[in-house]
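**Student:** In case you want the letters, here they are:
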Amino acid sequence: MKILVVEDEEKLADFMVKGLQQAGYLVVKCDSGTEALNKVASENFDLILLDLMLPGANGLEVLKNMRAFNISIPVIIVSALSGTAHVVEGLDLGAVDYIKKPFDWEELLARIRTVQRIPSAGEKSKINVGELSIDLAARKVTREGKDFNLTAKEFILLEYLARNANRVVSKNQILENVWQMDFDPESNIVEVFMYQLRKKIDRGFAEQMVETVIGVGYSLKGTKAK
Amino acid sequence: MKDESRYPFYQSLRFRFGVIFGALFLCFLMLAIFFLYKTVKNQYTKNFHARLGARAEVILEKTEISPLVIPLPQQNEYFLLTYQASGKTDTLFNNFPHSISAVNQNNIPEEDRTFEKAARELETGGKISITYTIPASELHRDVDKLRIVLFFYLPLGFILAMIGGYFVSGFLLKPLQKIISKANNINLNDDINLLPESGNKDELHALTLALNRMLSRIKKQSDEQNAFFASASHELRTPLSVMLTELQVLQTEDLPDKLKQLFASQITETQRLSKLVNDFLLMSQLKSGSIITNQKPVDLVEVLTETLQRVNHKLLPNAQSIKLIISPESADFEIVSDKSHLTTILFNLLDNAIKHGLPGSRINVILEENNTGIILTISNLLKQPIQDVARLHDAFNRENRDSDGFGLGLWIVGKLADEIGIKVEFEVSGTSFIVKLKT
Numbered sequence: 001m002k003i004l005v006v007e008d009e010e011k012l013a014d015f016m017v018k019g020l021q022q023a024g025y026l027v028v029k030c031d032s033g034t035e036a037l038n039k040v041a042s043e044n045f046d047l048i049l050l051d052l053m054l055p056g057a058n059g060l061e062v063l064k065n066m067r068a069f070n071i072s073i074p075v076i077i078v079s080a081l082s083g084t085a086h087v088v089e090g091l092d093l094g095a096v097d098y099i100k101k102p103f104d105w106e107e108l109l110a111r112i113r114t115v116q117r118i119p120s121a122g123e124k125s126k127i128n129v130g131e132l133s134i135d136l137a138a139r140k141v142t143r144e145g146k147d148f149n150l151t152a153k154e155f156i157l158l159e160y161l162a163r164n165a166n167r168v169v170s171k172n173q174i175l176e177n178v179w180q181m182d183f184d185p186e187s188n189i190v191e192v193f194m195y196q197l198r199k200k201i202d203r204g205f206a207e208q209m210v211e212t213v214i215g216v217g218y219s220l221k222g223t224k225a226k
Numbered sequence: 001m002k003d004e005s006r007y008p009f010y011q012s013l014r015f016r017f018g019v020i021f022g023a024l025f026l027c028f029l030m031l032a033i034f035f036l037y038k039t040v041k042n043q044y045t046k047n048f049h050a051r052l053g054a055r056a057e058v059i060l061e062k063t064e065i066s067p068l069v070i071p072l073p074q075q076n077e078y079f080l081l082t083y084q085a086s087g088k089t090d091t092l093f094n095n096f097p098h099s100i101s102a103v104n105q106n107n108i109p110e111e112d113r114t115f116e117k118a119a120r121e122l123e124t125g126g127k128i129s130i131t132y133t134i135p136a137s138e139l140h141r142d143v144d145k146l147r148i149v150l151f152f153y154l155p156l157g158f159i160l161a162m163i164g165g166y167f168v169s170g171f172l173l174k175p176l177q178k179i180i181s182k183a184n185n186i187n188l189n190d191d192i193n194l195l196p197e198s199g200n201k202d203e204l205h206a207l208t209l210a211l212n213r214m215l216s217r218i219k220k221q222s223d224e225q226n227a228f229f230a231s232a233s234h235e236l237r238t239p240l241s242v243m244l245t246e247l248q249v250l251q252t253e254d255l256p257d258k259l260k261q262l263f264a265s266q267i268t269e270t271q272r273l274s275k276l277v278n279d280f281l282l283m284s285q286l287k288s289g290s291i292i293t294n295q296k297p298v299d300l301v302e303v304l305t306e307t308l309q310r311v312n313h314k315l316l317p318n319a320q321s322i323k324l325i326i327s328p329e330s331a332d333f334e335i336v337s338d339k340s341h342l343t344t345i346l347f348n349l350l351d352n353a354i355k356h357g358l359p360g361s362r363i364n365v366i367l368e369e370n371n372t373g374i375i376l377t378i379s380n381l382l383k384q385p386i387q388d389v390a391r392l393h394d395a396f397n398r399e400n401r402d403s404d405g406f407g408l409g410l411w412i413v414g415k416l417a418d419e420i421g422i423k424v425e426f427e428v429s430g431t432s433f434i435v436k437l438k439t
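Protein chains in written order, with UniProt numbering: chain A, 1 to 226; chain B, 1 to 439.
FYI, nobody ran anything at the bench for these hints, they're computed from the structure. Please note: incorrect hints may appear among the correct ones.
[As the list claims (entries may be wrong)] Sample of chain B residues lacking proximity to chain A, with all beta carbon distances greater than 12 Å (derived):
1. Leu-273
2. Phe-333
3. Arg-362
4. Asp-418
[Claimed, not checked] If you anchor each label on the Cβ, the simulated ranges turn out as follows:
5. Ala-152(A) <-> Ala-210(B): 29 to 39 Å
6. Asp-257(B) <-> Glu-107(A): 37 to 47 Å
7. Gly-204(A) <-> Gly-289(B): 26 to 36 Å
8. Lys-199(A) <-> Gly-373(B): 31 to 41 Å
9. His-234(B) <-> Asn-166(A): 52 to 62 Å
Note that beta-carbon positions come from the ideal geometry of N, C-alpha and C, so glycine has one too.
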């Protein structure tokens with residue numbers, strides 16, 4: 001995975017590069033908005049960590065330009081500006097996440113791992129299970145021509161089930177892979193999301209795709225298409 | 001907040017004005033009534049004597065000597081008739097119960113001497129004299145009545161004057177009331193609305209001007225303070241980011257134990273400083289009212305799980321775990337709120353629960369919907385007992401001095417919750433700390 005770090009504070013950029021490299025990522029850094037746009041135009045990245053207060057074009061302008069040129073690399077904004085207005089504007093311009101400075105390194109890594117699931121251009125971007133079609137790039141789910149409006153977490157859950165279609169996955173596996181958290185086993189978070197997912201993709205259809213295997217876990221059933 | 005400008009009515013300026021009005025009026029009334037009483041009483045006495053005189057004349061007129069005719073006394077009538085001729089006095093008639101001299105003593109004041117004397121010269125020579133009286137009880141009754149009526153008007157007049165004074169002063173103090181209610185509603189967070197100056201150049205106008213000048217000064221200082229907090233927080237963030245990232249990245253390297261310990265402690269302190277800087281900024285925004293809210297439909301389950309993921313890495317060092325129960329599973333937990341502020345609230349509460357939670361214990365997070373609305377309960381066992389739950393809302397109150405955080409956390413939670421219309425309740429039950437968020 002290749003990450004572009006756009007950060008004008010030299011020392012911070014250096015340590016971010018160092019830390020990300022240690023975590024096993026390929027990292028390129030630059031220190032201005034204009035340079036970032038040049039880099040993005042000439043190289044392929046899987047993720048951009050973008051500061052907002054930058055010399056040249058500021059972070060939000062970089063985002064706007066990227067969207068204007070249809071460059072859909074996931075962007076995490078890393079900024080000292082913490083006002084709701086900035087967060088909203090950044091997320092509206094298509095950033096996938098917003099981390100406020102100063103941040104915990106572990107938290108940044110955790111958020112990068114979340115983004116890793118979002119496939120970048122070029123990767124196979126569709127999973128089909130039976131009549132269910134999951135478009136990973138457009139984040140769209142359709143079944144027999146019907147579109148579903150899933151929340152981000154529901155989408156990740158469905159994606160995980162689809163990647164393991166026709167196999168039974170345990171509650172713990174789901175917790176680890178979808179939430180990357182070790183909840184107390186008495187928690188019912190998985191049940192809740194399963195209920196919502198079922199309500200959305202199974203209600204009104206003859207065949208129920210989400211199956212509960214009592215005592216074991218869950219399974220997404222369907223003839224797996226190519 | 002307790003409204004300290006509420007007080008019993010008898011302490012009000014209006015009531016005092018009323019009493020002063022009443023008291024002054026009472027003095028004048030007493031003087032007036034005293035003179036009135038004197039005059040009317042004199043008049044009553046005069047009339048009574050006139051009546052006696054007239055009746056005595058009538059009796060005298062009807063009395064004849066030869067042949068002797070004496071009119072009979074009517075009920076309650078007493079008189080003494082004497083005939084004087086050639087130096088000799090004869091009593092013709094006397095029905096006085098006592099000797100006349102007893103009544104005729106000089107020690108009785110003249111106006112109380114209820115006799116009337118008259119005399120008639122006869123054509124035949126000689127003189128008939130009469131001393132006439134009827135009991136003065138009627139006169140006394142009339143005077144008593146007058147006294148009662150007049151003295152009854154005294155308290156009535158006082159009360160009426162007081163009520164009148166109360167209302168008149170209320171009317172006069174109305175502009176003052178306006179200034180008070182306006183001043184009560186002044187909020188430094190909004191653009192300060194100076195008090196409206198009255199058209200009349202009176203004392204109230206001067207008061208308004210003085211208050212307005214004071215408000216401007218306060219507003220200016222408050223603005224400066226908030227601006228300082230905001231800019232200082234922004235400026236401090238960049239170096240703190242560098243420090244924190246540097247330390248945390250270096251910590252992952254293979255280092256001697258001593259250095260690792262040093263880094264770990266430096267990281268803790270830097271995190272503390274970072275949180276403080278963030279809290280200061282948020283506090284200044286909350287205090288200056290410059291915080292922006294963006295109310296949109298938000299899925300509570302989603303925000304909650306995202307926040308739980310963010311604090312997840314803090315659970316490990318103290319071997320804590322989180323039990324998340326959502327009930328009922330089929331409920332719709334979508335509310336209209338500000339996602340960013342909601343996240344800050346949840347983050348602060350969960351962070352607190354972890355920080356102050358008993359190591360190795362479980363933190364219970366229960367999201368439930370019932371007919372009253374949605375309730376989110378976060379409860380944890382406490383490392384140390386909390387002394388005063390009420391004080392938790394105060395800024396800069398910190399229960400646990402070993403841990404980071406300067407007690408701004410819960411204050412911020414409370415204020416932010418107000419901003420986005422969520423109710424927060426803190427409760428300590430035994431060794432547990434319970435926070436409830438209600439929509």
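**Student:** Are the hints correct? Go through all of them and say.
**Tutor:** Hints, verified against the model:
Some Cβ of chain A comes within 12 Å of the Cβ of Leu-273(B); the nearest lies about 8 Å off, and the non-interface call is violated. With a least beta-carbon separation of about 9 Å from chain A, Phe-333(B) fails to lie farther than 12 Å from that chain, contradicting its non-interface assignment. The Cβ of Arg-362(B) sits about 6 Å from the closest Cβ of chain A, inside the 12 Å cut-off, so the non-interface label is violated. At roughly 15 Å from the closest C-beta of chain A, the C-beta of Asp-418(B) stays outside 12 Å, upholding its exclusion from the interface.
Separated by about 57 Å at the C-beta atoms, Ala-152(A) and Ala-210(B) break the suggested range of 29 to 39 Å. Between Asp-257(B) and Glu-107(A), the C-beta spacing of about 25 Å breaks the proposed range 37 to 47 Å. Gly-204(A) and Gly-289(B) have their C-beta atoms about 48 Å apart, which leaves the hinted 26 to 36 Å range violated. Under the hint 31 to 41 Å, the C-beta atoms of Lys-199(A) and Gly-373(B), about 22 Å apart, miss the expected range.
Judged by the Cβ atoms, the range 52 to 62 Å given for His-234(B) and Asn-166(A) holds: they are separated by roughly 53 Å.
Violated hints, in rising order: 1, 2, 3, 5, 6, 7, 8; the structure is consistent with all others.
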